[in-house]
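Novice: Read off the chains here:
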Amino acid sequence: MSGLIRETYALTHSFKKLDRGLRLLTQLSFQIGAIALAGMVTLYVYEVFVRYALNAPTTWTLEVVGYLLCVMIFMTAPEVTRKGSHIVIDILIANLPSSKANIVFKGLTIVSAIVCLFTAYIAANETITQFTRGVMTNAGHPIPKGLVSIFIAYGVGVCGLLFLRQAIERTRLQPLQGESDNEKEGVLN
Amino acid sequence: MTWPFALGGAISLLLSTLMIGAPVFVGFLILNLAGVMVLIGERGFGLFTNSLLETATSPTLATIAIFVLMGEILFRSGAVAVLFDSVDRLVGRLPGRLYIVTVLLSTVFGALSGSAVAVAAMLGRALMPMMIARGYSKVLSASTILSGASLAPIIPPSLFAIIIGSLADVSIAGLLVAGIIPGIILALITLMFVVLRVFRGAEAGNVTHHQNNAVIRDSSPSMSEAHSGINKPQSVLHALLNMAPFGIVVFSVMGLILLGIATPSESAATGVVGACVTAIIFRRFSRKMIYESLLSAAAISTGILLIVCSAKLFSQLLSFTGATRGIVETVTMLGLGPEATFLIMMLIPFILCMFIDQVAFMLMAIPIYVPIVAAVGFDPIWFWTLFLINLTIGSLTPPFGYTLFALKGASPELSTGEVFRAAWPIVCIYLAGIALFWAFPGLVTWIPSLLFS
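These protein sequence lines are chains A and B, in that order. In terms of my numbering, the first sequence opens at residue 1 and continues consecutively. In terms of my numbering, the second sequence opens at residue 1 and continues consecutively.
What the hints contain is simulated information worked out from the structure, not anything from laboratory work. Nothing here was measured: the structure is a model prediction, and the numbers come from that model. Here a beta-carbon is modelled for each residue, glycine too, at the ideal position from N, C-alpha and C. Treat the hints with caution; some may be incorrect.
[Unchecked claim] Stretches of chain B that chain A covers, calculated by requiring three or more beta carbons in the stretch to come under 8 angstroms of a beta carbon on chain A:
no., stretch
1, 26 to 35
2, 52 to 60
3, 262 to 268
4, 401 to 409
5, 414 to 422
Pulled out of the complex, with its shape left as it was, chain A reads as follows (with noise of 0.2 angstroms):
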């Protein structure tokens, strides 16, 4: 009995840590992806700069802002999803008891884990083969095709991992330490 008790804590600490982790991650993306924005703006102003103030028009800011504005999706999509504000026609659900609605939230996390980690898995076999093969952008200044399909696998990953916490997290009696109060009413969005 104490030996389930003690393997039952420790999947809790490690279930813990492993929160923790995903938690850090999601926030470090996050921060990448407002950098990516800031980027955007940047290119643009300077773009604008260049071609008007000094006659001297760039042939690269647009495909930057391209791969800028992946790496912002995809680097910001986990918090979104960390936030639950994800998009949802809410209708249904709005009208349903409380506790048929979280039976409905609990079904709908675990198929959009599920979604999201196909997804990745996808994406990231796609990434490795355009590495092996050497696929480059079909652009003015090529660069690996994979340098930036890489960052969907790595947000829809993160997002499938997220909504399986998620999915995880509404069988348990407590809420983890530190959730926001949408994630603790159980509220998707």
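The hints should help you fit chain B onto chain A, whose structure is shown.
Specialist: Same frame as chain A, now just chain B:
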């Protein structure tokens, strides 16, 4: 697999996953993964990843994120609060006056951005909290934002008009100017709708000036700080002076486009610089404010852009099954008269653009529509302008529509039901507009005819 079966199955799957309450981007991922597996098999997974990658690296979509950032900075700097307060003083105590301001602002930003999604997200972030704080109806406020934002692809500069013009081999300049009168008429009909609703008393939102201030002080310390600075003298001149810094934002977006200095995408970034200058003038500029604006804008726009990325492949899969071509060809084979043909040609984009991206639809449908337009003898400028308005309605019609998702994503205080309720009157207004332009083609063709003469 026949296209009616594929189309029916796809729409049923999408509807059921989204209506249960799955995140919209997950719903589209499920649909596209299922579509790839059924139609292409594992070989199609590369196509799936490439579709995500191509959409996520499209610089045009960066405009959405940057416009949201501009809205964030304007909101956090208190510029919107100051603008609303100044208009309050200029207009007086007319009930529901800020709805009118919202329609006008939405129209101006719609005209200068060219992207309905970007404007809906930006105004949803910048204006919606102010309207709610001042006791205005959430639904009617959302309606005014949706209406103004939907003018973006209609009033020049319009990216869609350029795409249609180049694909249909119609004068791009003619198509651009053809949108001016319809855009203004649609804005005026929206204003009439708002005035009617307000005078019927249901949505007055006529809280007094003192109540306004109390609400704002309670709701947001940052707004009240910005607000307090303009609460002392009550002159018209002072109100105008307070509005002046906002002109910097309008100039840095619209002025630079009109002067040919910045493209519409770049103008979003120069608008951010203008918003920063405004924040400096209002003494609200700080590293913390910019940092918070960046984080918030990244999160809001990611919620929207993830959907756009996930949805893109659906258009390609529909094309792959032959559904898009099949629908259009079926209509042409019916051999109907001009009125019925026009009705069906408008009904197709209206329905399909609820589900698929407008650009993707244009790329697929315009080459098929062009010979029909010529055969029936429609005026090309007139027809393609109405087609453009119709595409916009598709993006505005519940339950699917990027503009709706953008507003919902930017305004957490709005429920999906409220966004849908807000959208229906605007859909009706735009449909009434199409009927009007159909009955009086001169409203569309008059300015282009001046241009060509």
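Novice: Check each numbered hint from earlier against the structure, then list the numbers of those it violates in ascending order.
Specialist: none
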